[in-house]
Amino acid sequence: MSAGALRTAGRVHARSGGAVLRLSEAESLTAAPSAPERMIINMGPQHPSTHGVLRLLLELDGETVTRCKPIIGYLHTGMEKTGETLTYLQGPTNVTRMDYSSPLFCELAFSMATETLLGLELPPRATWIRMLMCELNRISSHLLFQATNGMDLGAVSMMLYGWREREEVLRLLEKITGLRMNHNYIRPGGVAADLPDGWRDDTLRLLEGVGDRLDEYDALLTGQPIWRERLQGVGVVSAAECLALGVTGPILRSTGYSWDLRRHMPYLAYDRLDFDVVCGSYGDCFDRYAIRLNEIRESIRLVRQILDQMPAGDYRVGDRKVTPPPRGRIDESMEALIHHFKIFTEGFKVPAGEVYAAVESPRGELGCYMVSDGGPKPFRMHIRAPSFVNLQALPYMLEGRMVADAVAIISSVDPIMGEVDR
Amino acid sequence: MTAVDAPAPQGLSRLGVAVSEDPGGGTVLHPERERLPEVVEALREAGYTQCIDLCGVDYLGADDRGRLPDAVAPQRFEVAVTLISHSGRERVRLRVQVPAADPSVPTLFDTFPGTENLEREVFDMFGIRFDGHPDMTRILMPEDWEGHPLRKDYAVGVVPVRFKAAGDQR
Amino acid sequence: MSTPPPDDALRPPGDALRPPGDALRPPGDALRPPGDALRPPGDALRPPGDAPLGAAYGGLAELPHGVATRRGAGSPGDALRPPEDAPLGAAYGGLAELPHNFATGRLEELVKWSRARSCWPAAFGLACCAIEMMATGGSHYDIARYGMEVFRASPRQADLMIVAGRVSQKMAPVLRQIYDQMMAPKWVISMGVCASSGGMFNNYAIVQGVDQVVPVDVYAPGCPPGPETLLHAILTLHGLIRSGELTRRREASPARGAGIVVDQRDGQTATRMVVSRKRGRFGRL
Ligand code: SF4
Chain A
3 MSAGALRTAG
13 RVHARSGGAV
23 LRLSEAESLT
33 AAPSAPERMI
43 INMGPQHPST
53 HGVLRLLLEL
63 DGETVTRCKP
73 IIGYLHTGME
83 KTGETLTYLQ
93 GPTNVTRMDY
103 SSPLFCELAF
113 SMATETLLGL
123 ELPPRATWIR
133 MLMCELNRIS
143 SHLLFQATNG
153 MDLGAVSMML
163 YGWREREEVL
173 RLLEKITGLR
183 MNHNYIRPGG
193 VAADLPDGWR
203 DDTLRLLEGV
213 GDRLDEYDAL
223 LTGQPIWRER
233 LQGVGVVSAA
243 ECLALGVTGP
253 ILRSTGYSWD
263 LRRHMPYLAY
273 DRLDFDVVCG
283 SYGDCFDRYA
293 IRLNEIRESI
303 RLVRQILDQM
313 PAGDYRVGDR
323 KVTPPPRGRI
333 DESMEALIHH
343 FKIFTEGFKV
353 PAGEVYAAVE
363 SPRGELGCYM
373 VSDGGPKPFR
383 MHIRAPSFVN
393 LQALPYMLEG
403 RMVADAVAII
413 SSVDPIMGEV
423 DR
Chain B
36 MTAVDAPAPQ
46 GLSRLGVAVS
56 EDPGGGTVLH
66 PERERLPEVV
76 EALREAGYTQ
86 CIDLCGVDYL
96 GADDRGRLPD
106 AVAPQRFEVA
116 VTLISHSGRE
126 RVRLRVQVPA
136 ADPSVPTLFD
146 TFPGTENLER
156 EVFDMFGIRF
166 DGHPDMTRIL
176 MPEDWEGHPL
186 RKDYAVGVVP
196 VRFKAAGDQR
Chain C
88 MSTPPPDDAL
98 RPPGDALRPP
108 GDALRPPGDA
118 LRPPGDALRP
128 PGDALRPPGD
138 APLGAAYGGL
148 AELPHGVATR
158 RGAGSPGDAL
168 RPPEDAPLGA
178 AYGGLAELPH
188 NFATGRLEEL
198 VKWSRARSCW
208 PAAFGLACCA
218 IEMMATGGSH
228 YDIARYGMEV
238 FRASPRQADL
248 MIVAGRVSQK
258 MAPVLRQIYD
268 QMMAPKWVIS
278 MGVCASSGGM
288 FNNYAIVQGV
298 DQVVPVDVYA
308 PGCPPGPETL
318 LHAILTLHGL
328 IRSGELTRRR
338 EASPARGAGI
348 VVDQRDGQTA
358 TRMVVSRKRG
368 RFGRL
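Protein chains in written order, with this note's numbering: chain A, 3 to 424; chain B, 36 to 205; chain C, 88 to 372.
Worth flagging that the hints you see were computed from the coordinates, not collected in a lab. What you were told as hints is all true, and nothing was included just to trick you.
Capping the alpha-carbon separation at 25 angstroms, the derived lysine to any residue pairs in SDA-like fashion look like this:
| # | chain 1 | residue 1 | chain 2 | residue 2 |
| --- | --- | --- | --- | --- |
| 1 | A | K344 | A | T325 |
| 2 | A | K177 | C | D229 |
| 3 | A | K351 | A | P378 |
| 4 | A | K351 | B | A190 |
| 5 | A | K177 | A | R303 |
| 6 | A | K351 | B | G96 |
| 7 | A | K379 | A | F346 |
| 8 | A | K177 | A | A194 |
| 9 | A | K177 | A | L216 |
| 10 | B | K187 | A | T87 |
| 11 | B | K187 | A | G376 |
| 12 | A | K379 | B | P195 |
| 13 | A | K351 | B | D98 |
| 14 | A | K344 | A | L122 |
| 15 | A | K177 | A | Q307 |
| 16 | B | K187 | B | R111 |
| 17 | A | K379 | A | Q92 |
| 18 | B | K187 | A | P378 |
| 19 | A | K177 | C | E315 |
| 20 | A | K379 | A | G355 |
| 21 | A | K379 | A | G349 |
| 22 | A | K351 | A | P328 |
| 23 | A | K379 | B | R102 |
| 24 | A | K379 | B | Q132 |
| 25 | A | K379 | B | G96 |
| 26 | B | K187 | B | P109 |
| 27 | A | K379 | B | Y189 |
| 28 | A | K323 | A | K351 |
| 29 | A | K379 | B | E56 |
| 30 | A | K379 | B | V191 |
| 31 | A | K379 | A | G320 |
| 32 | A | K351 | A | M336 |
| 33 | A | K379 | B | V193 |
| 34 | A | K379 | B | G59 |
| 35 | A | K379 | B | S55 |
| 36 | A | K351 | A | A338 |
Computed Cβ-Cβ distance ranges for the label pairs, DEER-style:
| # | chain 1 | residue 1 | chain 2 | residue 2 | range |
| --- | --- | --- | --- | --- | --- |
| 37 | B | G167 | A | K177 | 50 to 60 angstroms |
| 38 | A | I228 | C | R239 | 16 to 26 angstroms |
| 39 | B | D179 | A | G121 | 38 to 48 angstroms |
| 40 | A | L309 | B | D179 | 49 to 59 angstroms |
Beta carbons are placed, not taken as given, at the ideal position from N, Cα and C, and that holds for glycine.
Generate the whole structure from the sequences, applying the supplied hints.
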């Protein structure tokens, strides 16, 4: 794409009068709308849709949205501050609670940043387990989207189906990590535990089941006139606007712009897998729905390949600096016990420096900017949350649409507020 | 890794900006803060199509500043901007030193409107102002909040844990 | 088994509707077993052993008092027919003339029963816990079994606020406002350690326990509490409403909830399931 094409994103450069309602919260109570027949109303923060505590300030002309401002921060948890008080081994516990529908990706970005600073080389099995888990998590995250998207649009049966399948994935994740959510499984130096017995059969059965169900979703929704009517042509953005706004993930791909970090800047071992980057062509809500549906299929393809190629070996690095001694050794050797104790109380020191590591989460580029000053805790830990940036596209998607479309559009952005507000 | 149309690191150094190495494998630029918009605009022309990230760092009390070139005088605050080149498949990071006495940086809104929320977050968390930003208000904290939580001299705010009626519940 | 103690808090003063002589009770009381004057007729339908609070739903058996159906002469309802001189319902020939099924009971018992059995939650999902709350509403855990699947977006139509997730300083005033908008009687479940105590986020941004903002009746521990734990908390709450305990505690200290802490119950269901058109797909998972 040439630099000239970028300039077509004219409206996102407007400082005033564009789609973004730039009013402070205090002003919004008293401010006069930009024209007499307009009014400013407030949606949220208590659940304007099934997507958490998002508040929208809408300027309406009749029922048409003219300008809008997403107001966030209702779930601000101070995780970046708390992250500075936790050691590198405790860190994943913290970041995993950001994006609670795809927690493993936050853990992965955090761990990759730490490992880059440490200069660690992972054993292959750890890398492949991470890929396996992330793809399973992508499936569950997109299933969650299908469920909530259906719910937002009134297709309540879709919500029940989505949860049904998601439970199956969660059950497998629970079997592997011990928890249904907030796994704290991917840690600097590898993963927390090896795959349990029987994981391969369980995974295969899961893939088969979910794969069949996806066809049912297709039958239920994709061709359905009401569904298409409500989504097609709604919430359109262009590729140039997405690029200018920093939007990534399925929203960027829905405009026909093929960009997926797994393919284009591979991390882990994605360069050894065969998959398609799913793209749309209109940049509307329907494309975003279809992309996420088909990304589940791609993830199933990926998991099948991972199953075939899963190497044997250790699931974490042998480097005793970051890896606690094996359980058996602790009973025999005092040194091992002290070593174990020190790793979990003091943590390990990480060389000074700053690094940015990014992964493709189900919502877009999820990055971790980590600064170390040589101590055992991150000096600064910043998560580049895709939902946070993607939300900026919301006013442009809403501009000129009816209030009734607002919920469909919010839903298609698929923001996870925990990640937006951190 | 490096595609044809990506500017080589030498190309970056022609911008007249101090350069250092990124442990993650990329390049780090250290422009003076007045020159930040100009450098970013030049990078955008050179194919860095997206501003991926913008965040602040408060180096108060850091034991080790890491890799700063000699030409760059360290300041308390820093704003780190990450740009990505889709054609070149690479990222470049810009680290801008911001003095504590005058915590302000020119905005990148005109080049990348997507920095709007990110800059507001840095303002909210660090109190670094972005000159020329269209809506410089708090974004995460309530608007009447005092202080900037991610500054190092802002306490974490730990409340001592009260153990309420432990033991007699079961 | 004795009659539950009268809950005077709920009974209107003077109890104007109830005739002093209890005119609805027939003199002979054919249904009542001899020698058990205090036992209400409905006890025959109650499960033996008086199952613990919220343990199981016995359907009609859960009704606090008698259930009777009118179907011709000699039906159990007839026993409840008032004597000829009774003023109430005399024009119809008594309640037995009613064309439908009916139930009798002490008013406050019926009120407690119906409150416990249609406890509509307000959708107040905040963070990760909200996902588990939604999973509880999903098909596997199916909160509809307890008459609770209607998550209301409007606090005016909700009885129960499940605070699912961490409450930030910015959200706390909103939370209080929503709580104030709910109609009394209203209950609060604090779901997850974040809502209960701030959890692992002991910092400037998070309110260290939602009980500083609203009264909490039941605390569900866990991070997140799984659907089993949430259901356990909900059933505990139902039991407390049913027994009148909650009303009593609330009246004793209006600004504080009952503050019951339940145990974590995660991972206890043997999760073998799924009805599938293609049978056996998920059979052994
Ligand atoms: S208790 Fe745990 S799962 Fe629940 S909101 Fe807090 S961090 Fe999330």
